[in-house]
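Chemist: Now for the letters of each chain:
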Amino acid sequence: MMDDLGATKPRPALDAQALRGEFPIYQNNPGLVFLDSGASAQKPRAVIDGVAEFYRRDYANVHRGVYQLSQRSTDHFEAARETTSAFLNAADANEIVFVRGATEAINLVAQSWGPAFVQPGDEIIVSDLEHHSNFVPWQMLCERMGARLVLAPTDASGGFDLAAFEALLGSRTKMVAVTHVSNVTGAILPVERIVQLAHTKGAKVLVDGCQAIPRMPVDVRAIGCDFYVFSGHKVYGPSGIGVLWGRYELLTAMPPWQTGGGMITQVTAEHTEFQDPPHRFEAGTPDISGAVGLKLALDFVEGLGRDAIREHEEMLTGYAIDRLSRIPGLNLLEGGQRRISVLSFTLDGVHPHDVGTVLDQHGVAVRVGNHCAQPLMDKLGIAGAVRASLGVYNDRDDIDALAAAVEACREMFSR
Amino acid sequence: MIDLRELYQDIILDHGRHPRNFRPIEHPTHTAKGHNPLCGDRVTVYLTLDGDRIADVSFEGRGCAISTASSSLMTEVLKGKTLAEAQALFAQFHAKVTGGEVGSLPEALEEDSERLDPLTGVKAYPARVKCATLPWHAFEAALKGGAAAPVKTE
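Going down the list, the protein sequences come from chains L and D.
To convert, note that position 292 of the first sequence is 291 in numbering that gives the first Met the number 0; the numbers rise steadily by one, no gaps.
To convert, note that position 84 of the second sequence is 83 in numbering that gives the first Met the number 0; the numbers rise steadily by one, no gaps.
Just so you know, these hints were derived from the structure itself, not from any lab.
There may be inaccurate statements among the hints.
Pairs of lysine-lysine, DSSO-like flavour, derived with a Cα cap of 30 Å [as the list claims (entries may be wrong)]: (1) Lys95(D) to Lys143(D); (2) Lys32(D) to Lys143(D); (3) Lys32(D) to Lys78(D); (4) Lys80(D) to Lys32(D); (5) Lys378(L) to Lys129(D); (6) Lys32(D) to Lys378(L).
Here are some chain D residues the structure puts well away from chain L; computed CB gaps all over 10 Å [to be verified]: (7) Asp9; (8) Ile10; (9) His26; (10) Asp40; (11) Lys95; (12) Val101.
Glycine included, each C-beta is placed from N, C-alpha and C at the ideal position.
Build the full structure now, drawing on both the sequences and the hints.
Modeler: In structure tokens:
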């Protein structure tokens, strides 16, 4: 720490430097400045070793065998469901559907709930800063059903425009799909208010929690939404596992979207009866070790404390905004009044891709490009941006390294 | 650490900032768009063929320093070449940037090939190779599309 801001601010409860000892990637890549947790977070030893240990001791297929090992494996898998349920403060663990990731969760809702509840002429609202995964499935559903996709805008400050959203809501609005935290600007959307407004019109609300889940407390019942989705790999868990939470009465009203083993009660030559949720939506052998790894990751996050993580990342976000804003020619994308952990910027006269390469040569890992948010890039009139995103292992030194590398990049391209 | 100046040589930065032949051709005989969805780079290459000789070649679009410089240098070396010469230059350039086997060129093309050498620094950056080859792929697509479809004239 070389700045004097540190002396005046309260010491964060979370010690990022010490935490790096829990992440083997740092031991194997000395000097790594990892600022791409928004794309995928690194894995703590507890997850890496825990998954290996599960394979060594308790692995078998789930919900199938009468033998003890299969029961133990099933117990682990279902314990992961319980942990996930508690993590979201869901009403019941049966509201947790394991999927491959947030993308699959949204596609599940769009393809199962969608055709059952959306009529020609209906409307689906998404915000203009959605990730393609919370945009394209709805666009496809609208094309298929003859419905209309409506974009709720962000305002000039980069925050969600509640008044504009309210004006777009109507009796034809059937679904509102919004992100909890923007994967481009880190803007925190007022999801509670969005839900209240949408529900007055009878619309359902799906919240994409990919960027929120790793960094702030999330209570789906307090939010009041109907569906909440996230990916395991962004919250320090394995890739390949993700979660759809849905209100149980909604899940029971939805037809299966994929069929096969593990999700039926009776199959005859003429007819098949399906299990209740969540198993209805989990055809085939699930990602068993992925669920086990997800539980370990959520336990890890709870161990650190979600309030402590939020405090740490908010502090660091503020520091990064302050530090980056002082670099001449650097333009931070606006993220509204409330934002966390994700910052994107452009650099005058230097293409983001070139910035990314220069930063990489300085050992700084960031993401460059359109961040799967082309509608937002089009609105901002840019081809892409450089994005730095935070995890629990980041500290001010990482931000200082980023700033120094950006300065070096600026210098290089102005010669 | 690989020296970044190997990648961003002065000539690259110069062509990246001040691309040559950066303009549309109003009535090209051949044209094609290149797009790299990874970074959003877009380039449109325009060609005017006179028989099998490239009478004029230009480009438009937006991209990183590497793709812009590569487009610019490509248009410079291609102007006046026959299609066979252009293909030979691309083949050798492609081999150099991807680390493939570099064949020999007719002596007349050596100098043009060397003009492209500053771009070969990308071979140390696998994620950036496509930036350098994007305009060349668009050039190839323009030739193919132009041959398959009715040739655009007036």
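Chemist: So, for every hint listed, does it hold in this structure?
Modeler: Taking the hints in turn, this is what the structure says about them:
Restraint check: the Cα-Cα separation between Lys95(D) and Lys143(D) comes to about 23 Å, which is no more than 30 Å; the hinted pair holds. This hinted pair checks out: Lys32(D) and Lys143(D) have alpha carbons roughly 12 Å apart, not beyond 30 Å. Restraint check: the Cα-Cα separation between Lys32(D) and Lys78(D) comes to about 19 Å, which is no more than 30 Å; the hinted pair holds. Straight-line distance between C-alpha atoms of Lys80(D) and Lys32(D) comes to about 21 Å, which keeps the hinted pair within the 30 Å bound.
Between Lys378(L) and Lys129(D), the direct Cα distance comes to roughly 26 Å. Compliance with the 30 Å bound is thereby established for this hinted pair. For a cut-off of 30 Å, the pair hint linking Lys32(D) to Lys378(L) stands: about 22 Å separates their Cα positions. With a cut of 10 Å on Cβ distances, Asp9(D) falls inside the contact zone with chain L, its closest approach being about 8 Å. With a closest Cβ-Cβ approach of about 13 Å to chain L, Ile10(D) is found to remain outside the 10 Å limit, as its non-interface label requires.
The non-interface label for His26(D) is consistent with chain L: the shortest C-beta to C-beta separation is roughly 28 Å, beyond 10 Å. Consistency note on Asp40(D): stated as away from chain L, yet its beta-carbon is not over 10 Å from all of that chain's, at 7 Å minimum. No Cβ of chain L comes within 10 Å of the Cβ of Lys95(D); the nearest lies about 19 Å off, and the non-interface call holds. The claim that Val101(D) is not at the interface with chain L holds, since no C-beta of that chain comes within 10 Å of its own (minimum 24 Å).
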